[in-house]
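Novice: This is what each chain is made of:
2 protein chains.
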Amino acid sequence: MACIAMLGCGTVGSGVAKLIYKNRDRFKKNLNEELILSKVLVKDINKHKEKNKDYILTNDVEEIFNENVDIVIEAMGGINPSYEYVKRALLLKKHVVTANKDLIAEHGAELLDIANKNGVELRFEASVGGGIPILKSLSECLVGNKIKSIKAILNGTTNFILSKMSKENMNYNDALKLAQELGFAEANPESDVMGYDAARKLSILSTIAFEKRVNWRNIKISGITNIDTEDFKYAQREGCEIKLLAMSELQNDELYAAVSPVMVRKNSTLGRIENEYNAILVDGDAVGDVVFTGKGAGMFPTASAVFSDIADIIQSKRESTLIFNYDKADVNTLWKRESKWLLRIKTEERIKAMETLTEYFSNCSIISKELYNLDGEVAAFVKSQSEAVLDRFIDDIKERINTEEIKKILILED
Amino acid sequence: MACIAMLGCGTVGSGVAKLIYKNRDRFKKNLNEELILSKVLVKDINKHKEKNKDYILTNDVEEIFNENVDIVIEAMGGINPSYEYVKRALLLKKHVVTANKDLIAEHGAELLDIANKNGVELRFEASVGGGIPILKSLSECLVGNKIKSIKAILNGTTNFILSKMSKENMNYNDALKLAQELGFAEANPESDVMGYDAARKLSILSTIAFEKRVNWRNIKISGITNIDTEDFKYAQREGCEIKLLAMSELQNDELYAAVSPVMVRKNSTLGRIENEYNAILVDGDAVGDVVFTGKGAGMFPTASAVFSDIADIIQSKRESTLIFNYDKADVNTLWKRESKWLLRIKTEERIKAMETLTEYFSNCSIISKELYNLDGEVAAFVKSQSEAVLDRFIDDIKERINTEEIKKILILED
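If you read the protein sequences in the order shown, they are chains A and B.
First residue of the first sequence: 298, per our numbering; consecutive thereafter.
First residue of the second sequence: 298, per our numbering; consecutive thereafter.
Quick caveat, the hints were computed from the structure, so don't treat them as lab data.
The reader is advised that the hints may include incorrect statements.
Since the list gives no way to pick out one identical chain from another, each pair is judged satisfied if it fits inside one copy or across any two copies.
As the list claims (entries may be wrong) - SDA-like mimics (lysine to any residue), calculated; alpha carbons at most 25 Å apart, straight line: (1) Lys637 <-> Ile708; (2) Lys643 <-> Lys680; (3) Lys643 <-> Val686; (4) Lys414 <-> Leu328; (5) Lys637 <-> Gly568; (6) Lys414 <-> Lys637; (7) Lys443 <-> Leu328.
The shape of chain A in the complex, shown without the other chains (with noise of 0.2 Å):
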């Protein structure tokens, strides 16, 4: 018998406790063994009663750390108090599932750490790409590969307001309202938008496939909300569309990681990625590339990854084999690879600007004013050898005309 016990019941805890119901008989078939759900930690009892056998519900915390318990369900979010009440209850020897992206990016080495040392699993499938089991094939399945990159779409919220942006030439501020309506944003969206949701559980799939530890703090962090319609005109024109990306590669041997808007071609992997969808591209030198799709969040498909690691966790007499306290990375922000971007700056001095590329970049085509009926603004294609040269010809025409902002868009080729 596993006894298990949960904090939290929002959307995540409700899937679960509704998985865990639906999968009893199921798994006492095949692997005979019971589950039970002893307890659920609610703030309010009353306002659950609807929903739930009330007679698992509480709101004493400490019925959660019960002697009887053997797995604990972390699905309040945020870091606290997830973060006191899930080392307690790894201290007090009892499995840990959680799908809690931010506190496995903040303190997931510590916690695996004290896991380790009291005998017990944490695992957290769920913390990113939802059902999609990513965590997992990293970590077990392609072992045997070194891996090379990581390039993936973690985001539904921002990806499904890009999708709306790019096919119904909506405007940023209608696409993420529309996306709160239909409840992919949340009220206050700052999160997803500003790329931090992305950063994080890109720190958590690179510190598992590089086995170096990735701060998420160190990740170049670049959101959504200063990408504008004229972009999707120009990535239009080149046969692209715009994906918020989460990167991580290893690029002369040292590792890129970010989270930027990027062109990518539209019949690419992860061009043709839409809505609420996530993807991650993962390219190990033995295998080649092996691209995972699917919801990355919603309460099923979370549920779905919550409910394959208690499964693990009930089936498992062996130690996890997700890594999570190796050394730090050093992480590298700046793109090194020969690569063609947007460049797109803002300025009266439209002749002066023109000229200035065209001397920089021998590969540089820039758009024609009449295309787009851009006032004060040069837009170009450019290729440039690296971002650190690209960087360093911004720095030098801000000091020779005045403009007001230069906005760069890598595009991706492979």
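We have chain A; now place chain B onto it with these hints.
Specialist: This is chain B only, laid out in the frame that chain A set:
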């Protein structure tokens, strides 16, 4: 220390040997376990001497069954003598890893039974989808789901041929020849182009997904030898690609299973899978659609999966969750959902055929003769309530008109 012996050293075997050597240090560092490839069985030692360290080569199969050996890798392919060797290894309480889909599709249930009884593992991740981690994802990561359907491109050879026919207007014979020249098709391509290879893989996937034993001989199998350039013109007209799909799906609580050329929308998930790539689309009741894409064959993708099985066995103290000896499934080979189909009726009695078509189907669009200039043929897209209804029409029209052949291709809209 884990002592490994291998049967065979062709493409897959060489890849596995290289991956074992390459990962030894990392394995030791991360998991404190020594990997030793002790013996490799080959027919002719001299033939392999240059590429391998000769001290591990042997042509005496008894050395493989030496008492020091913990894990036997079967990399010979085919059923004979693989079946006998694998059985013997399991009976001697050695773990076995294989990439052999023919062996597993034919004898998987018996061999897994022997493995269970002897307390050892039989693993075969590489048998389906090459390096794509699909079996573990199905049996462990999606364990909380009831699987509703699997739709997959499981054979790279046929997908390469169909891609060339579609994108480069090649005919079947030229595309097959090119595939053979590039090493994507074997000299005798029968198992691939007739759909047997895909059917064997589908039987393995379906057995795990639906928890009923699906015999590959009960699957309806149509290959691609019958697909001609005209089919691609019709597909083009509908905005479709033709793909050899391996499909299993619960339809009205019955399991439908078939391998067949199917039209899928060009911009759909499976319509976009090109050349030698494989893709598996799994629809689970909790997780929704999850898609796994990657190279389904080749030395290192296959070795990557074999290596992950080895790693699993070494690190794991638990019994596998791979179950294969379920009760036998009743397999339905008729498509039960209302769908659109392409019908091509070879006949000189065109008018009569057209009359019969419009009489029979309320939703029928006959393709104008001028469009494709096909003498002696009536082609139409019809909507039929089920495949059985369509088949009754085909029987019916065969009685009414003189026809050499009637061809039908399903159009999959989801």
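Novice: All the hints need checking, so say for each whether the structure fits it.
Specialist: Hints and how they fare:
1. In the homo-oligomer, the alpha carbons of Lys637 and Ile708 lie at most 25 Å apart inside one protomer (5 Å), although the nearest pairing across protomers, at 39 Å, exceeds that limit.
2. When the C-alpha separation of Lys643 and Lys680 is checked against a cutoff of 25 Å, the pair qualifies only within one copy, where the shortest distance is 19 Å, while the shortest distance between copies is 55 Å.
3. For a Cα distance limit of 25 Å, the shortest separation of Lys643 from Val686 inside one copy, 20 Å, qualifies, whereas the shortest one across copies, 64 Å, does not.
4. Taking the shortest Cα distances, Lys414 and Leu328 sit within 25 Å of each other only across copies (16 Å), while inside one copy they are farther apart (28 Å).
5. Proximity of Lys637 to Gly568 under the C-alpha cut-off of 25 Å is restricted to the intra-copy arrangement: shortest distance 16 Å within a copy versus 29 Å between copies.
6. For the identical chains of this complex, Lys414 and Lys637 are neighbours neither inside a copy (48 Å) nor across copies (59 Å), given an alpha-carbon limit of 25 Å.
7. Taking identical chains as interchangeable, the C-alpha atoms of Lys443 and Leu328 lie at most 25 Å apart only when they sit on different chains, with a minimum of 16 Å there against 34 Å within one chain.
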